[in-house]
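Student: Kindly generate the complete structure, drawing on both the sequences and the hints.
Chain by chain, the residues run as shown.
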Amino acid sequence: MRPIQLVLILFAAGFVLFYFNRLRSRLLDRLLFFVLAVLAVVMVLQPDWATGVAEFLGVGRGADLLVYLGFSGLAFLWLGLYARQREMDMRLTELARRLAKLGAEKPKKK
Amino acid sequence: MLKKRVSHSAIFVTVAAHNEGRIIRSVLRPLVALGYSIVVVDDGSTDNTWRQLSGLGVHRLRHPFNLGQGAALQTAVGYAVEQGAQAVVHFDADGQHSPEDIPGLLAPMLAGRADVVLGSRFLRKEDRQAVPASRRLLLKGAVLVNWLLTGLWLTDAHNGARALSRRAAQRIVLRENGFAHATEILQQIRSLGLHFAEAPTRIRYTEYSLKKGQRFLHAFDVFVDLIIKRLLR
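Chains as they are written, first to last, in our numbering: chain V, 1 to 110; chain P, 1 to 233.
Do not take every clue at face value.
[Claimed, not checked] One side only, chain V facing chain P, incomplete, derived with CB under 7 Å:
(1) Ser25
(2) Ala37
(3) Ala100
(4) Lys101
(5) Ala104
(6) Lys106
It should be emphasised that the hints constitute simulated quantities derived from the structure, not laboratory data. Ideal placement from N, C-alpha and C gives every residue a C-beta, glycine not left out.
Tutor: Okay, here's the thing in C-alpha cells:
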C-alpha cells in the first residue's frame with residue numbers, strides 16, 4: 001500500500017465518523033453517506049477499477065472521471081446550499097418583519 | 001378599480017430608511033403637514049435614525065437588523081394595509097422626491113384608471129433636464145433591462161415614487177429584499193394582471209441623494225439577483 005492510500009482512507013473514515021457523530025441525520029442520508037465512503041475507499045485501494053468504469057464511459061483515466069463527477073457533484077451541492085440560503089433569508093426576513101410590527105409605535109393623537 | 005374619494009389619513013406614505021438620521025426629519029415634516037399617514041421602517045440603522053423619528057407624528061417600525069430596501073418597503077406596506085390604508089405611496093427617505101408630486105401619483109389610481117402608478121422623471125421637460133447625463137444613460141439601460149425581464153416598457157426605471165391601491169398593496173408581495181424589488185414590482189404587476197400608469201415626478205439630485213443612491217455596481221448586483229431568481233424559482 002502506498003502512503004497516499006492510507007491518508008485518503010483515514011480521511012474517508014474520519015469523514016464518516018464526524019458525520020455520524022455530529023450531524024445526526026436521517027437513516028437514508030447516513031446510508032447514502034456510508035455507501036459513498038465505501039466507494040471512495042474502494043477507488044483508493046483499486047484505482048484500476050475506476051479506470052475500467054472510466055473507459056466504459058468514454059473517459060481516458062479514472063482520475064479524470066472522478067474530477068468530472070466531483071465537479072458536477074459540487075455544482076449541485078452549491079445550488080442546493082444556495083437555495084437553502086435564500087429560504088433561510090426569507091424566514092429571517094419574516095421573523096424580523098413580525099418583530100418590527102410587534103414593536104410598531106403609532107403616532108400620538110394630538 | 002373604483003372611482004373613490006379617499007381622505008388624506010387613509011393614504012399611507014411608506015418610507016424605508018437606512019441610516020438617514022441626518023436628513024429624515026426634514027424629509028418627513030412636509031409629508032406630515034399634508035395630512036397623510038406616514039409609516040417609516042427603520043431598516044436596522046446604525047445611526048440615530050430611530051430617535052429622529054420620535055415626536056414627528058409618524059408610525060415607526062424597526063427591523064432588528066438591516067434587510068434591504070425591498071424588505072423594509074414590504075414591512076411598511078404590509079403594516080399600512082393592516083392599519084386600513086386605502087392607498088399606499090412609496091416615498092424615498094433621502095429627500096429626492098417631492099411631496100407635491102404625491103397628488104399626481106394618486107390621481108390615475110383614484111380616477112380608477114390604474115391599480116399602480118409609477119413615478120417617472122422623464123415625462124415633464126423640466127424633470128428630464130434635471131437628470132445628469134451619466135444617470136440618464138444608466139436609467140435608459142435599466143429601462144431596457146426591465147423590459148427584457150418583465151415585458152413592461154416604461155419611460156423610467158428605479159424611480160422609488162409609486163402609488164398603489166389597497167388591492168394592489170395587498171397582492172404585490174416583495175420577496176427581493178435588496179434593490180431588485182424595483183424590477184420585482186414590475187414583474188408582479190405583469191403576472192397579477194394589474195393596471196398601471198406613469199405619473200411625472202421631480203427628482204432632486206442633491207449631493208446627499210447621489211451619494212446614497214444606487215451606484216453603477218448595484219445595477220449589476222440587481223441584474224444577477226434577478227437572473228438567479230429566475231433560474232431558481
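Student: Now look at each hint and say whether the structure bears it out.
Tutor: Hint check results:
1. Hint on serine 25 (chain V) is violated. Least Cβ distance to chain P is approximately 24 Å, over the 7 Å limit.
2. With its C-beta approaching chain P no nearer than about 30 Å, alanine 37 (chain V) sits outside the 7 Å limit, and its interface hint is violated.
3. With 7 Å as the threshold, the beta carbon of alanine 100 (chain V) comes within range of chain P, its nearest partner Cβ sitting at about 4 Å, so the hint holds.
4. Evaluation of the lysine 101 (chain V) hint against chain P yields a held restraint, the C-beta minimum of about 6 Å falling below 7 Å.
5. For alanine 104 (chain V), the interface hint holds, the least distance from its beta-carbon to any beta-carbon of chain P being 5 Å, beneath 7 Å.
6. Hint on lysine 106 (chain V) holds. Least Cβ distance to chain P is approximately 6 Å, under the 7 Å limit.
Against the hints set out earlier in the document, violations occur for numbers 1, 2.
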